[in-house]
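Once you've looked at the hints, dock chain B against the given chain A.
As you go down the protein sequences, you meet chains A and B in turn.
The numbers in the first sequence follow full-length UniProt numbering, run straight up by one, and end at 190.
The numbers in the second sequence follow full-length UniProt numbering, run straight up by one, and end at 190.
Be aware that a few hints might be false.
Cross-link-like lysine to any residue pairs, in silico, SDA-like; alpha carbons within 20 Å at most [to be verified]:
#, chain 1, residue 1, chain 2, residue 2
1, A, Lys122, B, Ala110
2, B, Lys122, A, Leu115
3, B, Lys51, A, Thr113
4, B, Lys51, B, Glu26
5, A, Lys122, B, Thr113
6, B, Lys122, A, Ile109
7, A, Lys122, B, Glu149
8, A, Lys51, B, Asp114
9, B, Lys122, A, Ala110
10, A, Lys122, B, Ile109
11, A, Lys51, B, Thr113
12, B, Lys122, A, Thr128
13, B, Lys51, A, Asp114
Derived from the structure by calculation, the hints contain no laboratory data.
Protein chains: 2
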Amino acid sequence: MGRWEPNTRQRLELAALELFAERGYESTTVAEITERAGVTKRTFFRYFADKREVLFSGQEALSQLFTDAIEGAPESATPIEVMAAGLDAVSVLFPPERLELVRRRQAIIAANTDLQERELLKLATVTTVMAAALGERGLPGPVARLTAEVGSLAFTTGFARWIAPDNNRPYAELAREALEELRVASAALS
Amino acid sequence: MGRWEPNTRQRLELAALELFAERGYESTTVAEITERAGVTKRTFFRYFADKREVLFSGQEALSQLFTDAIEGAPESATPIEVMAAGLDAVSVLFPPERLELVRRRQAIIAANTDLQERELLKLATVTTVMAAALGERGLPGPVARLTAEVGSLAFTTGFARWIAPDNNRPYAELAREALEELRVASAALS
Numbered sequence: 001m002g003r004w005e006p007n008t009r010q011r012l013e014l015a016a017l018e019l020f021a022e023r024g025y026e027s028t029t030v031a032e033i034t035e036r037a038g039v040t041k042r043t044f045f046r047y048f049a050d051k052r053e054v055l056f057s058g059q060e061a062l063s064q065l066f067t068d069a070i071e072g073a074p075e076s077a078t079p080i081e082v083m084a085a086g087l088d089a090v091s092v093l094f095p096p097e098r099l100e101l102v103r104r105r106q107a108i109i110a111a112n113t114d115l116q117e118r119e120l121l122k123l124a125t126v127t128t129v130m131a132a133a134l135g136e137r138g139l140p141g142p143v144a145r146l147t148a149e150v151g152s153l154a155f156t157t158g159f160a161r162w163i164a165p166d167n168n169r170p171y172a173e174l175a176r177e178a179l180e181e182l183r184v185a186s187a188a189l190s
Numbered sequence: 001m002g003r004w005e006p007n008t009r010q011r012l013e014l015a016a017l018e019l020f021a022e023r024g025y026e027s028t029t030v031a032e033i034t035e036r037a038g039v040t041k042r043t044f045f046r047y048f049a050d051k052r053e054v055l056f057s058g059q060e061a062l063s064q065l066f067t068d069a070i071e072g073a074p075e076s077a078t079p080i081e082v083m084a085a086g087l088d089a090v091s092v093l094f095p096p097e098r099l100e101l102v103r104r105r106q107a108i109i110a111a112n113t114d115l116q117e118r119e120l121l122k123l124a125t126v127t128t129v130m131a132a133a134l135g136e137r138g139l140p141g142p143v144a145r146l147t148a149e150v151g152s153l154a155f156t157t158g159f160a161r162w163i164a165p166d167n168n169r170p171y172a173e174l175a176r177e178a179l180e181e182l183r184v185a186s187a188a189l190s
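Next comes chain A alone, as it looks inside the complex:
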């Protein structure tokens, strides 16, 4: 069974995004999603707690990839280098072949205030987790917190540029570029 899982998950995700776009997020039911994906409701609930989680399940992987990269960065790495490693690590979630799916997801979220709020809460959680992982590396509290915020801002800026209609550059490159802009900008603060 294991080898089919990613496929089922993706089919459910695609079906949900299609239906959210066609009928609106609010009026789409789990039954409609499973019918379109050709799986049972029981299968749906093996992957997602509810229909909202179809949109947000990726955030746990995001948190984990960031944390692992932060913990695994060389001891000599500067805070910005640690964040750069984190951004490289999470870029596996944004391969070119997922770009259209991700664009659709963002359009659904942009149309719904509750979903925007949920996205912000998830991102705030990721930022807090990153700050803790940076603190574990021995960075003083304010440096860990600021580095996490900068990493988070580079992440969202790179992401916004990646899903922009006319973009064809890879996520990792855009996120790195945003991080470099923020690194340069930070000189204006101290």
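Relative to the frame of chain A, chain B by itself:
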């Protein structure tokens, strides 16, 4: 009528916070709030769009105070000095006599995920507005964005320290201190 307004608003706020604490946010109705405050429902809706807004109506004042201070700061002010002026300006919202009320409000929000999400969205909006006001001063995009994030982080850090159970220092002092920590921390980034 005008001279009684702040009083009515505050009475409604206090009644709502008491009821949210006693019965839970979800199960409290606007009718119960107006009954406790001794005003009509029509009066309630002159001040607040719904019961949730009793908790969040202060955020527009926050945005306005930050923006005015950013626009009014001397041309020669550094980004951090501009943010310091903003934090001083918003401190009028957090006088010592409001501390208990604000603590109660935060306890209600901390107990409810939807309210936490709403608070994050409101704060994200304030940060975006600040970044735009900083951009208007001629700061390059990434500097304006980073300065706004740092200001926002100083704001929330100062706020968390102000409402901490054992605190008796004024908000402005705590926010300034948090900003100074972040200014020093930013040197580790560039």
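Q) Out of the numbered hints, which ones does the structure contradict? A) Those not satisfied: there are none.
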